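Chain by chain, the residues:
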Amino acid sequence: MTFLRRQLPLLITLVSGLLFAAQYYVPHPSSELMLTSVTKWLQIIGGFALILGVTSLFHIHAVKIRRKEPGWGYSFILYAGMVGTIVIGLRDGGKETIDGAATAFGWIYTFMMVPLQGTMFAILAFFIASAAYRSFRARSREAAVLLIAAVIVMMGRVPLGEYLIPASGDVTQWILNVLNASVRRAILIGISLGAVALSLKIIFGVERAYLGGGKE
Amino acid sequence: MTFAERMLSIDRRIIFLVIGLCTLIPLLYPVGLAIKVSPEVRSVYDYIESLPEDSVFLLSLDFDPASKPELYPQAVSLLRHAFKKNLRVIGMTLWLPGTGMANEVISRVAREEGKESGKDYVFLGWSPGGSSVIINMGQDLYKAFPTDYNNQPTSELPVLKGVQNLRDVSYVISLAAGTTGIETWYVFGKDKYKFELGGGCTGVIAPGLYPLLRSGQINGLIGGLRGAAEYEVLIGRKGKAVAGMDAQSATHFAIILLVILCNVFYLLIRTSTRAAEQR
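Protein chains in written order, with our numbering: chain A, 2 to 217; chain B, 25 to 303.
In short, the hints are calculated from the structure, not lab data.
Please read all numbers here as calculations on a predicted model, not as lab measurements.
A hint or two may mislead.
What the hints assert, rightly or not - Derived lysine-lysine pairs resembling DSS-like cross-links, with alpha carbons at most 25 Å apart:
| no. | chain 1 | residue 1 | chain 2 | residue 2 |
| --- | --- | --- | --- | --- |
| 1 | B | Lys92 | B | Lys218 |
| 2 | B | Lys109 | B | Lys139 |
| 3 | B | Lys185 | B | Lys108 |
| 4 | B | Lys139 | B | Lys108 |
| 5 | B | Lys60 | B | Lys214 |
| 6 | B | Lys60 | B | Lys109 |
| 7 | A | Lys96 | B | Lys214 |
| 8 | A | Lys41 | B | Lys185 |
| 9 | B | Lys167 | B | Lys143 |
| 10 | B | Lys262 | B | Lys218 |
| 11 | B | Lys139 | B | Lys185 |
| 12 | A | Lys41 | B | Lys60 |
| 13 | B | Lys60 | B | Lys264 |
| 14 | B | Lys143 | A | Lys96 |
| 15 | B | Lys92 | B | Lys264 |
| 16 | B | Lys143 | B | Lys185 |
| 17 | A | Lys96 | B | Lys60 |
| 18 | B | Lys108 | B | Lys264 |
| 19 | A | Lys96 | B | Lys216 |
| 20 | B | Lys262 | B | Lys108 |
| 21 | B | Lys185 | B | Lys216 |
| 22 | B | Lys139 | A | Lys41 |
| 23 | A | Lys41 | B | Lys262 |
| 24 | A | Lys41 | B | Lys92 |
This is chain A alone, in the form it adopts within the complex:
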């Protein structure tokens, strides 16, 4: 059992990791064919991951409803919404329109999902304004620099700012292109080096957390 639970996954990871790291540099047709096949597998696995996610969500909320845990009413609404949408979606073949006419699934999408998601995101503007008023204070020199930069960028990104202070647009461009880009690049390089190190650790079996716990 240890072989199946531990050694085989480690072996598959090692062989696959090394093979596909090398594949990138080999443009031979058979190498490309192998990549095509494996990415198709990945797409299929991606589809199954979706089923797994939906099943898990169903399970979590079913337990909440059965035990009548605090907030179980929300779980019930989520359950009803999901089941209703899936049933109607399957009936309409997952199409929002058929021959130009909106389906029931399309109606749910256009008049429920789109405005609800839009509203959730739009509410952020109100909370950001409130949070900025309460917490965006120049408590230190660093905070003051951040504050000034934020004000300049906010001015430079809207026509009214450029109209009142014409230089704000150019200063904003400089902040974004020079200061922001260089710092972001440094962070990206750090993250990428970390990703390379972690990948090597996984490929060579040093990092085994992905195998999960359980008995040996």
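Let chain A serve as the given structure and place chain B on it in line with the hints.
Chain B in isolation, oriented as in the chain A frame:
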């Protein structure tokens, strides 16, 4: 409680009201201030302008309805430009919740521009896998999407004639609200399959994409509603993005004013506290 302390603990509903009014009033009574076009938006426009007729343009609408206000106008402008230039347009999405919206925008703009599905454009829809979809399209587009969104076999569509994989695509633009998006298209697509890549994104993720822009990994970037408004100005068809810029100007200034006021009150409190301590 001093005046400054009272002002700092102001009811947040007043702030919500100010922001609400700053959004609503300019939408009802637009001012129409001039919009300056930035170099990163112009790069995208110039590249599409430089493409010869019948070139293949792929627009990946990698966002969900939450980002519709910023990215939908970008999609409309880009599609209008591409159709005006008689490019062959391939639409797709890597975000499942955005599929219906992506189909709607492409079909609507195509109808307005007198273009025909299958002949002038195709909407491939969504396929699971994110980065795997990009690699698969790079290897063989017909294996990644055997049929389009309307269940038509992609191999039989005139719009895809001569297109076997991403190497045959002249220009790809990902309109992204996060990951999977522009970075994914660069890492798994452009780097290997050597097509030109541009980007459009929400305002909040735009600063994070500037390293890609500066290094030439993407040739242009349309950032947020402002970027969409700039593109509308460039194609000469002002729409929802230009209309929204006055509201955005007003809300930005309201937030700036609130931040300044908050700091003035904060400094007043700090000064009076220090003075009291010294006494």
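Report task. Please write out, lowest number first, the hints stated earlier that are contradicted by the structure. Result -> Of the numbered hints, 1, 5, 7, 10, 12, 17, 19, 22, 23, 24 do not hold.
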